[in-house]
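Here the protein sequences come in this chain order: P and Z.
The opening position of the first sequence corresponds to residue 1 in the numbering used here, with each subsequent residue numbered one higher.
The opening position of the second sequence corresponds to residue 1 in the numbering used here, with each subsequent residue numbered one higher.
In short, the hints are calculated from the structure, not lab data.
Treat each hint with caution, since some may be false.
[Unchecked claim] Here are the simulated DSSO-like cross-link-like pairs (lysine-lysine), alpha carbons at most 30 Å apart as the crow flies:
{"no.": "1", "chain 1": "P", "residue 1": "3", "chain 2": "Z", "residue 2": "57"}
{"no.": "2", "chain 1": "Z", "residue 1": "14", "chain 2": "Z", "residue 2": "57"}
{"no.": "3", "chain 1": "P", "residue 1": "3", "chain 2": "P", "residue 2": "70"}
{"no.": "4", "chain 1": "Z", "residue 1": "71", "chain 2": "Z", "residue 2": "57"}
{"no.": "5", "chain 1": "Z", "residue 1": "11", "chain 2": "Z", "residue 2": "71"}
{"no.": "6", "chain 1": "P", "residue 1": "38", "chain 2": "P", "residue 2": "3"}
{"no.": "7", "chain 1": "Z", "residue 1": "57", "chain 2": "P", "residue 2": "38"}
{"no.": "8", "chain 1": "Z", "residue 1": "11", "chain 2": "P", "residue 2": "16"}
{"no.": "9", "chain 1": "P", "residue 1": "38", "chain 2": "P", "residue 2": "16"}
Nothing here was measured: the structure is a model prediction, and the numbers come from that model.
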Amino acid sequence: AQKVTQAQTEISVVEKEDVTLDCVYETRDTTYYLFWYKQPPSGELVFLIRRNSFDEQNEISGRYSWNFQKSTSSFNFTITASQVVDSAVYFCALKSNFGNEKLTFGTGTRLTIIP
Amino acid sequence: DTGVSQDPRHKITKRGQNVTFRCDPISEHNRLYWYRQTLGQGPEFLTYFQNEAQLEKSRLLSDRFSAERPKGSFSTLEIQRTEQGDSAMYLCASSPLGVAATTGELFFGEGSRLTVL
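Starting from the given sequences, assemble the full structure and let the hints guide the process.
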């Protein structure tokens, strides 16, 4: 069975602070994909990144960075110099590389950036 | 290019009634997905179509639920004999290829919120 745990239910930080959202996953598959999605108040989920399990390079995109550590089954997301527009619910998700198209999502972390 | 559109955005119904939701994917996206999201939870996979073929169904999709994509374009999700536990946001997503291809990005609509009284 696959499982994604986002232990932080809610986080609030003051604008311009850095913030890290944690994601821990469980899977028996040897190859898999990990994702982060953002859900702003309007409701539609917005894709941020996909990572293959065989590629452990960290990635940076502007103020966003992702730290994938297979040894600890974690795929953490850091926002640097946070802005009010970053306020949203962030979901981590997992997909097996075999067969199905199903994404297994975590319960999400609600991030509030205080101006 | 418009995004994924869903209709209606909100639906309030009484227990036992049938409801139908429609999803119009981004044109030329041959993959279409339905997810359900309850308050405070992440989306849960319901079903997936490649063109008009329904290739995957979750155990969450009881026999009261049926999804179709008759011409490989728009899709409908019908819930018969609604129960209060069906209250949720029903999300539709589309993609040009599967999540294992290219970026794996799914394009989500804004969802259809169902309230069963």
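Right, here's what the structure says about each hint:
Annotation: proposed proximity of residue 3/P to residue 57/Z holds, straight-line Cα distance about 18 Å (limit 30 Å). Taking the CA atoms of residue 14/Z and residue 57/Z, the gap is near 26 Å; set against the 30 Å cutoff, the hint holds. At most 30 Å may separate the alpha-carbon atoms for a hinted pair to count; residue 3/P and residue 70/P meet this at roughly 15 Å. Restraint check for residue 71/Z and residue 57/Z: satisfied, since their Cα atoms lie roughly 19 Å apart, inside the 30 Å limit.
For the proposed pair residue 11/Z and residue 71/Z, the alpha carbon gap of about 25 Å is at most 30 Å, so the pair holds. For the proposed pair residue 38/P and residue 3/P, the alpha carbon gap of about 19 Å is at most 30 Å, so the pair holds. The hinted pair formed by residue 57/Z and residue 38/P meets the criterion: a straight-line CA distance of about 25 Å does not exceed 30 Å. Distance check on the hinted pair: residue 11/Z and residue 16/P sit about 39 Å apart at the alpha-carbon level, beyond 30 Å; violated.
Between the alpha carbons of residue 38/P and residue 16/P the distance comes to roughly 19 Å, so the proposed pair stays at or under 30 Å and holds.
Violated hints amount to a single one, hint 8; each of the other numbered hints is respected by the structure.
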